[in-house]
Every structure is written in structure tokens, then in C-alpha cells.
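Chains H and P supply the protein sequences, listed in that same order. Counting from 1, one number per residue, gives the positions in the first sequence under full-length UniProt numbering. Counting from 1, one number per residue, gives the positions in the second sequence under full-length UniProt numbering.
There could be a bad hint or two in this list.
Unchecked claim - Quick list of in silico lysine-lysine cross-link-like pairs, DSBU-like style, CA-CA up to 35 Å:
no.	chain 1	residue 1	chain 2	residue 2
1	H	Lys196	H	Lys184
2	P	Lys184	P	Lys173
3	P	Lys184	H	Lys141
4	H	Lys141	P	Lys82
5	P	Lys173	P	Lys185
6	H	Lys196	H	Lys141
7	H	Lys260	P	Lys185
8	P	Lys184	H	Lys260
9	P	Lys173	H	Lys141
10	H	Lys95	P	Lys173
11	H	Lys95	H	Lys141
12	H	Lys27	P	Lys184
13	H	Lys55	P	Lys82
14	H	Lys260	H	Lys95
15	H	Lys55	P	Lys173
16	H	Lys96	H	Lys196
17	H	Lys27	P	Lys82
18	H	Lys27	P	Lys185
19	H	Lys260	H	Lys55
20	H	Lys96	P	Lys82
Don't read these hints as lab results, they were simulated from the structure. Keep in mind that this is a model prediction, so the values were computed, not measured.
Here is what each chain is made of, one letter per residue.
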Amino acid sequence: MATSLPRLTDDRLATVLQAYHDAIRAKRARSLTFVGLVVALMLLSGWVAQVDLSKLVANSGNFFSYFDRIMTFDSGPVAGQRVWTDPAEWFWGLKKWLVLLADTILIGYLGTALGAIGAFLLCFSAAANLMPNPWLRNGVKRLFEFCRTVPEIVFALIFIIAFGLGPIPGVFAIAIHTMGALGKLFAEVVENIDMKSVEGSVATGAGFSQTVRFAVLPQVLSNFASYTLLRFEINVRGASVMGFVGAGGIGQDLIEAIRKFYYADVSALLLLIILTVTVIDLGTERLRHALISREERP
Amino acid sequence: MKVSFRAITPDLPALRARHPQHFAPSVMHRAVVIGCVAVLAGLFVLGFWRLGFSFERILSGIGQLGTLVLLMIPPNPGSWAKFFTFLHALAETVAIAFLGTLLAALVAFPVGFVAARNTTVNRLVQFASRRVLDGIRGIDTLIWALLWINVVGLGPFAGVLAIMTSDIGTFGKLFSEAIEAADKKSVEGIASTGGTRLHQIRFGILPQVFPVIAGQVLYFFESNARSGTIIGIVGAGGIGLHLAEQIRTLEWQAVSFLVILILIMVAAIDAVSVRLRTAIMGRAHQPMM
Numbered sequence: 001m002a003t004s005l006p007r008l009t010d011d012r013l014a015t016v017l018q019a020y021h022d023a024i025r026a027k028r029a030r031s032l033t034f035v036g037l038v039v040a041l042m043l044l045s046g047w048v049a050q051v052d053l054s055k056l057v058a059n060s061g062n063f064f065s066y067f068d069r070i071m072t073f074d075s076g077p078v079a080g081q082r083v084w085t086d087p088a089e090w091f092w093g094l095k096k097w098l099v100l101l102a103d104t105i106l107i108g109y110l111g112t113a114l115g116a117i118g119a120f121l122l123c124f125s126a127a128a129n130l131m132p133n134p135w136l137r138n139g140v141k142r143l144f145e146f147c148r149t150v151p152e153i154v155f156a157l158i159f160i161i162a163f164g165l166g167p168i169p170g171v172f173a174i175a176i177h178t179m180g181a182l183g184k185l186f187a188e189v190v191e192n193i194d195m196k197s198v199e200g201s202v203a204t205g206a207g208f209s210q211t212v213r214f215a216v217l218p219q220v221l222s223n224f225a226s227y228t229l230l231r232f233e234i235n236v237r238g239a240s241v242m243g244f245v246g247a248g249g250i251g252q253d254l255i256e257a258i259r260k261f262y263y264a265d266v267s268a269l270l271l272l273i274i275l276t277v278t279v280i281d282l283g284t285e286r287l288r289h290a291l292i293s294r295e296e297r298p
Numbered sequence: 001m002k003v004s005f006r007a008i009t010p011d012l013p014a015l016r017a018r019h020p021q022h023f024a025p026s027v028m029h030r031a032v033v034i035g036c037v038a039v040l041a042g043l044f045v046l047g048f049w050r051l052g053f054s055f056e057r058i059l060s061g062i063g064q065l066g067t068l069v070l071l072m073i074p075p076n077p078g079s080w081a082k083f084f085t086f087l088h089a090l091a092e093t094v095a096i097a098f099l100g101t102l103l104a105a106l107v108a109f110p111v112g113f114v115a116a117r118n119t120t121v122n123r124l125v126q127f128a129s130r131r132v133l134d135g136i137r138g139i140d141t142l143i144w145a146l147l148w149i150n151v152v153g154l155g156p157f158a159g160v161l162a163i164m165t166s167d168i169g170t171f172g173k174l175f176s177e178a179i180e181a182a183d184k185k186s187v188e189g190i191a192s193t194g195g196t197r198l199h200q201i202r203f204g205i206l207p208q209v210f211p212v213i214a215g216q217v218l219y220f221f222e223s224n225a226r227s228g229t230i231i232g233i234v235g236a237g238g239i240g241l242h243l244a245e246q247i248r249t250l251e252w253q254a255v256s257f258l259v260i261l262i263l264i265m266v267a268a269i270d271a272v273s274v275r276l277r278t279a280i281m282g283r284a285h286q287p288m289m
């Protein structure tokens, strides 16, 4: 049995090679036009956004020296020393900050919980497979869109005027934003379910709520929980800056420290926030993996 | 033909007798569910109490909110001069989002390869870069904006840098995950033809991850157009500055006008990027969040 492949004749080879080069050249030209377009857009937006590279280069030292400054005590008997040489002095306000941090997590939690409840109640009406009425469906979809497009800080600013300063406007702002973001994701999950069990329960005479409870919920609950956990992590991070506009949590102290140049406090607060967010990140990731593997079990 | 229903309807009592474990209420499972719900509800109540929620305050707040919404109608920028200022600020926001996202992607692209388990230089570097990326992500964009204002002063440039920095953290993580998920077979194929490590990355991994990365960048451009609206609140350029100002001076009609402008902008960017995304990666691969 012959195992060698016959070689193409040279003229056939030349045409094939030519075609290959042509194809590559066309592709390359397309990529180059695309890159050119992106670069032009970058230059345009650089002009609009007043990008000034000389300023950046001249002051880039400031960026790194800022980290140097927040890592150094600037007053008291320990002035000039690195912050980690005296942790007690560095974290002088630990008790107060931990309480504020707990408040921040609670704001994130309440906002997530309220938002998730709202999204849960509305998402079934926004799913195309369960809600045949297009008016109601699109109405709910537009509502979700509005809620997630307006940033939570803007809601917080408006709510502060209605509810007064404090964590309440922060919670509601996060809740509304969360409802919009989760509502969309929940509705997508519901739209992707297996319709067989829905048909089954409709065939036995189940109403809307019974169909949702016995045919839809078992399929979507773990996904819902997973998305909610992901959102919780995002919301704790969002809650940490709610205080910037006076809506409670640790942000108030942080912006004060930044604006008044209490350098050591800035690093202490940032470290606490990063630690908290990381712990929550890792915790929710574990829970989410557990949930997802539970769902994939046969 | 006669079909007896006895044959197809199950004999429930007999089944129950044969498989008691499937009919018994599972106490353990129920207890876990009730326990979880109780803990969550307890936290919920604790939160309400701790953060000073009260019925009167919420009711009066909602009443106030209703008044504010009425005051917002009809949306009205106030004057033509203000209208053009707002439009310029909106353009600034789009520019900040575009430039910030793109620069972040450019910086995060090599970092992603270093932070991915299958393309990194060594285990220690990979671990360290992952932790650095986590640290960057732990700080909110608004905080980065405040830090950058210290460096380049007030204005949209600080906003670009803030979005860039916070997105480097996110992109670095997402890119490295995409690289780790790439199929090994094509890399092995390149290696078998004598390709170097760089060849393997360029011809084995890059074609697989590029569409994923492009989709993520587009998605973040969208989301940054949203978050770009708020960094103005701390003075880093864009429409947020005007929005915060109009809210603080209680110009409610201008506020609703600005909100509508933002909604239109986001919808327009959405439409463009959905089209681009489907063109680049097909309908099936939409990123999760």
C-alpha cells in the first residue's frame, strides 16, 4: 500500500499559494483599517478628555509618592516611621472603623436582599416564555433597564434629599440598582429553562403561581442564588463609597481622610476595605461553586 | 382495544410501602433550608434595626420622593447654554469610558498571560500577580479617581486614569481566566511542529482567546459608560459633576433631563456594542455579567 501523498505540480502549487496570500492580505487590510479606526477614536477621545501626557509624566512621581506617604506616619511621636512599625498607632480607630465596616456590609446586605426580592417578584413577568402579554413584559424590562442604568450614587444623592442623610438612602439606592441588574439576569435564567415541566404543570391545571413554584423555581433557584451572591460582593464594594455622598458606611471616614490628608488613616481604611471585600469575594465564590456543582449533579 | 387504567396509574400505597425513604419528609434537608432562611431573615431585621430604619421615616421619605418626581416633570435643561454644557459633558463621559477601557485592556493583556496558570513564567509570579490584581479590584473606581486627582489635578484625565486602573484589575483576572480555559490541543499541535513558547501563545492560544477578550472589552465599555457618569461627583470629569450639582441645587427639571440624556447615551452604546459583539464572537457567547 502506497503511503506517500502525491505532490502538487508546481503551477498548481503557485495558484494555491497565490490565493492564500490574497486571502491573508485581505484579512490584514481589514485588521489594519480596524486598528486605524480605533486609534483615531482614541486620539479623538483623548482630546475630548483633556489627556495631557506631559502632566502625567511630570506628576507621575506623585502617584507613587502618594503610596509612600500613606505608608508613613506624618505626626505625633512616630512621625516619619513606616506605618507597620506601630500597628496600634496605625489602626488607632480600629473599634470605630470595624463598626463602620459592619454597617457597610449591612448596607450591602440589605440593599442586595431588598433588590433580590424585588427582582425575584418581577423577573417572571419579564420572561418571554412565561409572560405572553408583551406590554407588561416590556414594561417590566424597561423598568429594570432604568434601574440599572442610573448609577446607584445618583439614586443615593436623590434619596438623601428625600430620606435625609444616613444609611437609609444608601440601602435604597443599592436596592434599586440591584433590582435592575438582577432582574435582567433572573429573567434571562427563566427564559432558558426547560419548558417541559412547565407544560406538565399547566396540563394538570396549575395556575401562574403554581407553575412558577413547582415547574420554574426548582430549575432556577441555584442560579438565582449564585447571581445574588455575586451581586452581594459588588454591593459591599459599592457601599464602601456610599459615604462619599453622605449615605452611610465607612466611605465618610475614607473621604474625610483623603481630603484632609490624614495619610496613615487612608492606608488603614483602604487596607480594611480591601481585606473585607477579598474575604467576601472568596467566601461567595466558594458558595457559588458549591451551588453550581449542586445544580450539575445528575 | 380496551386499555385498563389500572395498568398506567401507579399503585400509590404499594409504591409507598416499597420505597418509604422517597416518601418520608426529609427532616435534615428541611431543617437546613429553614435554618438558612432564618439566619438571613435575622440579619435582615438586625440590619433594619442597626441602620435606624423606622416606619415614619420611610413613609415620609417616600412621600417626599413623590413630590420630587412631580417636580422633575417636564424635563428641562434650563437654557440653551446649559444644554450645550451638558452635551459637552456627555461627550466627555463617553471619551473617558472609551479611553479608560481601551487603555486598561492594553495594559491588562500582557498581565493576563502572566497571571494565567498555563502561560505564566513561574508559579510565584503568577500567584503574586493574581493577588495584585485582587488588590486593585478591591478599591472602587471612585477611590481611584480621588487618588488620581492628587496626581493630575481635577478634570476628565483623572477619570480616564481611574477607570483604567480599576479595570486593569478586572480585565487581568478575566483575561487570565479566558487564557486558562483555552483548549490545550492547539498548543500541543504548535509544540509538535517545533514552535517555541511564544509561537504557542501566538498561534495556539491567542486565536482562541481573542474573541472572548474583545467581547469582554466591549461589555466593559458599556458598563464604564454607566460608571463614567458618577466619577464626576468627586471632580474627575464627565456628566456626573453637573448631575450632582443640579441635585444639590434642587434643579429637579434639569436632573431629569440629565438622567434622560444618560439613558439615551447608554442605550445608543448598548445598541452599537451588541452589534459589534455578535459580529466578533457570534450569538452564543455573551459574557455573564
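Consistency of the hints with the structure:
1. Lys196(H) / Lys184(H): 23 Å, holds
2. Lys184(P) / Lys173(P): With Cα atoms ~20 Å apart, Lys184(P) and Lys173(P) stay inside 35 Å; holds.
3. Lys184(P) / Lys141(H): 41 Å, violated
4. Lys141(H) / Lys82(P): 32 Å, holds
5. Lys173(P) / Lys185(P): Roughly 23 Å separates the two Cα atoms, so the pair holds.
6. Lys196(H) / Lys141(H): At roughly 25 Å apart (the allowed maximum being 35 Å), Lys141(H) and Lys196(H) satisfy the hint.
7. Lys260(H) / Lys185(P): Violated - the C-alpha atoms of Lys185(P) and Lys260(H) are around 56 Å apart, more than 35 Å.
8. Lys184(P) / Lys260(H): 53 Å, violated
9. Lys173(P) / Lys141(H): Cα-Cα ~31 Å, so holds.
10. Lys95(H) / Lys173(P): Status holds; Cα separation ~33 Å.
11. Lys95(H) / Lys141(H): Violated, at roughly 44 Å.
12. Lys27(H) / Lys184(P): Holds, at about 26 Å.
13. Lys55(H) / Lys82(P): 29 Å, holds
14. Lys260(H) / Lys95(H): Roughly 21 Å between the alpha carbons, so the hint for Lys260(H) and Lys95(H) holds.
15. Lys55(H) / Lys173(P): Within the cut-off at roughly 30 Å; holds.
16. Lys96(H) / Lys196(H): 55 Å, violated
17. Lys27(H) / Lys82(P): 46 Å, violated
18. Lys27(H) / Lys185(P): 25 Å, holds
19. Lys260(H) / Lys55(H): 24 Å, holds
20. Lys96(H) / Lys82(P): 43 Å, violated
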